[in-house]
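Trainee: If you want the building blocks of each chain, they are given just below.
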Amino acid sequence: MFDVIVRNGLVVDGSGAQAFKGDVAVKDGRIAAVGAVQGEARQEIDAGGRVVAPGFIDPHTHFDVQLLWDGAARPALEHGVTCIVPGNCSLSLAPLRAGDRRQVVGMFQQIEEMPPEAFTTAFDWSWEDFAGYRAAIEKALSINVAPLVGHSVIRLWVMGPASQQRAATADEIAAMQDLLRECLAAGAVGLSTSFVDTDENGRPVPSRFAQFEELDALCAVLGEFDRMLQCVPEFFATDITIARIDQLAELSLKHGITTTFSPVFDNAATPDNVPRIMARVEEQFARGAKVWPQMQTRPLDLSFSFLRPSLYFARLPRWSRILRQDLDVKLHALRDPETVAKMVADAGPDGGDKMLGRLICRGGDAAPAAMVGRTLRDIAAERGQSCAQALIDLSLENGLDVAFLDASLGHENSERIGPMLAHPLVHIGASDGGAHLASFSTYGDTGYLFSEFVRKTGAMSLEQAVAKITGETADIWGLKDRGRLKPGLAADIVVFDPDTIDREAELPAFDMPGDGMRYVRAARGVETVLVNGQIAYADGAYTAARAGVVCV
Amino acid sequence: MTPRADEPVIVSADLVAGHDGSTELLVRLRHPNGAEGPVVLDEETGLRLMKNCGAAGLGELVGQSWRRIVEGS
Numbered sequence: 001m002f003d004v005i006v007r008n009g010l011v012v013d014g015s016g017a018q019a020f021k022g023d024v025a026v027k028d029g030r031i032a033a034v035g036a037v038q039g040e041a042r043q044e045i046d047a048g049g050r051v052v053a054p055g056f057i058d059p060h061t062h063f064d065v066q067l068l069w070d071g072a073a074r075p076a077l078e079h080g081v082t083c084i085v086p087g088n089c090s091l092s093l094a095p096l097r098a099g100d101r102r103q104v105v106g107m108f109q110q111i112e113e114m115p116p117e118a119f120t121t122a123f124d125w126s127w128e129d130f131a132g133y134r135a136a137i138e139k140a141l142s143i144n145v146a147p148l149v150g151h152s153v154i155r156l157w158v159m160g161p162a163s164q165q166r167a168a169t170a171d172e173i174a175a176m177q178d179l180l181r182e183c184l185a186a187g188a189v190g191l192s193t194s195f196v197d198t199d200e201n202g203r204p205v206p207s208r209f210a211q212f213e214e215l216d217a218l219c220a221v222l223g224e225f226d227r228m229l230q231c232v233p234e235f236f237a238t239d240i241t242i243a244r245i246d247q248l249a250e251l252s253l254k255h256g257i258t259t260t261f262s263p264v265f266d267n268a269a270t271p272d273n274v275p276r277i278m279a280r281v282e283e284q285f286a287r288g289a290k291v292w293p294q295m296q297t298r299p300l301d302l303s304f305s306f307l308r309p310s311l312y313f314a315r316l317p318r319w320s321r322i323l324r325q326d327l328d329v330k331l332h333a334l335r336d337p338e339t340v341a342k343m344v345a346d347a348g349p350d351g352g353d354k355m356l357g358r359l360i361c362r363g364g365d366a367a368p369a370a371m372v373g374r375t376l377r378d379i380a381a382e383r384g385q386s387c388a389q390a391l392i393d394l395s396l397e398n399g400l401d402v403a404f405l406d407a408s409l410g411h412e413n414s415e416r417i418g419p420m421l422a423h424p425l426v427h428i429g430a431s432d433g434g435a436h437l438a439s440f441s442t443y444g445d446t447g448y449l450f451s452e453f454v455r456k457t458g459a460m461s462l463e464q465a466v467a468k469i470t471g472e473t474a475d476i477w478g479l480k481d482r483g484r485l486k487p488g489l490a491a492d493i494v495v496f497d498p499d500t501i502d503r504e505a506e507l508p509a510f511d512m513p514g515d516g517m518r519y520v521r522a523a524r525g526v527e528t529v530l531v532n533g534q535i536a537y538a539d540g541a542y543t544a545a546r547a548g549v550v551c552v
Numbered sequence: 553m554t555p556r557a558d559e560p561v562i563v564s565a566d567l568v569a570g571h572d573g574s575t576e577l578l579v580r581l582r583h584p585n586g587a588e589g590p591v592v593l594d595e596e597t598g599l600r601l602m603k604n605c606g607a608a609g610l611g612e613l614v615g616q617s618w619r620r621i622v623e624g625s
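Same order as they appear, the protein sequences are chains A and B. Take the first sequence: its position 495, counted from the start at 1, is 495 in the working numbering, and no numbers get skipped. Basically the working numbering = 1-based index in the second sequence + 552.
Be aware that a few hints might be false.
[Unchecked claim] Derived Cβ-Cβ restraints for the label pairs, each shown as a range:
{"no.": "1", "chain 1": "B", "residue 1": "E612", "chain 2": "A", "residue 2": "A269", "range": "17 to 25 Å"}
{"no.": "2", "chain 1": "B", "residue 1": "G624", "chain 2": "A", "residue 2": "D401", "range": "22 to 30 Å"}
{"no.": "3", "chain 1": "B", "residue 1": "E623", "chain 2": "A", "residue 2": "D346", "range": "25 to 33 Å"}
{"no.": "4", "chain 1": "B", "residue 1": "R619", "chain 2": "A", "residue 2": "A17", "range": "52 to 60 Å"}
{"no.": "5", "chain 1": "B", "residue 1": "A557", "chain 2": "A", "residue 2": "E338", "range": "39 to 47 Å"}
Calculated directly from the structure, the hints in this document are not laboratory data. Quantities reported herein were computed from a predicted structural model and do not represent experimental measurements. Every residue gets a Cβ at the ideal spot worked out from N, C-alpha and C, and that includes glycine.
Could you build the full structure based on these sequences and the hints that come with them?
Mentor: Written out as structure tokens, the structure reads:
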């Protein structure tokens, strides 16, 4: 007697092999059989017309804090994600002394944009070491977690305030090595570091003060444990990124470790960025190094409001000059009909229709609910105004606190992105799940992979796309128990409709501690998700299953 | 600030989408040896550059010294 049999599905096993019609049986949390399964189960799931695939793995998230009150990392799980990697970009919640919490909270808030209540009321901060953090999240996990330990917090533990001031001494480096060993032994899947991130005061995070010798010594420890290094290089400059690829390659070859870096973007303004990066990656892989570029599937959206300074209007000097003034001066100018008439004229003979009409009014701020999700063109037409005039008036009517979204302004050319994502040396990831909460949604990249690059552009087959975010990801991260539908492996399974799987529209949600806001996207086409053999999500609802584990 | 002949100069500026949802500034620098390369500035740095140059529009950044980028950082 099996526990569960998923019957009559199109089995896409995560290896990249051709899909076939069959069943998947589960017993004791593991896949027991794949194919034409005889016998009975306590529960059967009819997957007719649906794909049955391994649960998706999201290798770049910042769910470290959310996991303490939400063991499903919502809405990641409902998108079919059964394993997440938090602790990226040099930041994790352990090891961390009680006296250093405030400092690290500031760094987390800079990245995650999480409300302060998330750190003060949502959980009991009972741990200092990595084993303690693991125990804290393991109490109620619905999703699997492969946590990284952050270089910045290791540095902070060993060096205190000097971690953001200077290079480490030999003794301090040795102490960091010991601490990293302790974290890896306690279940960390690897180490994350960053050459880019800042704290809430704009100061470089501690990892950015490390000399190469320090990173080299820490990678030696990763080599002892055969674990991963994640890195944020200076992605804003191609030449520096390439120099970092070379450094990562040296570390990979010297210590026998796998490394990954992100983000990697394709933009019209820098069309040679990805080709040059990939050329270097190919050279380094040919030498035997493992330097995996992580690329996200979703395009980049911009948002702005008149309340805060933004470069968005730097192409319109008059707008730029007015909107960067102090609030009082800005309001005075925006209320002056003569000034506004000139601004509207600057936006073009069509009143800004071409330039601004596509903007979408966002929620989560002072925007009237009736406006949220609508284009400025639509709102302007309703008001009988030009787009530029409507933008100014709508902002004025709501204390300037109305945010607008300009969608798909970077990493948006699917005809270019598709082949890049399909490249055998590109690791699909970099979702940033759980980060940038108040800026945009970081959920649903997996659904977008299928809707945009399998169904719409055909850049990848269904089997390739599934393999990219399951079997290949598990291989890169050394998650030997995950990523494939194969007897003996953990039963992480997603059942989805290949014709509809997608991400829904971005919406504000007020589900963070203290009624804090974040942008989310619900899933479309994902019907059932099993984590370690238990149904964690089905028919549009989360279940009471808590079968997630910390997995390495 | 008039750029010296032996230092990089901004030769173009454009807006690009930042990975954190903000608008970023891509400036292309021409180095004294003739080589050109892009650098993407985050929104805060880009706004500071425009302020440092007294610029309201992107075109006013052209011809400025690279040192304007790091002033006040």
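Trainee: Hints first: check each against the structure and report whether it holds.
Mentor: Okay, the hints, checked on the actual structure:
1. B/E612 x A/A269: 17 to 25 Å: Roughly 19 Å apart at Cβ, these two residues keep to the hinted range, so it holds.
2. B/G624 x A/D401: 22 to 30 Å: holds (28 Å)
3. B/E623 x A/D346: 25 to 33 Å: holds (28 Å)
4. B/R619 x A/A17: 52 to 60 Å: Given about 57 Å between the Cβ atoms, the range holds.
5. B/A557 x A/E338: 39 to 47 Å: About 44 Å separates the Cβ atoms of B/A557 and A/E338, which means 39 to 47 Å holds.
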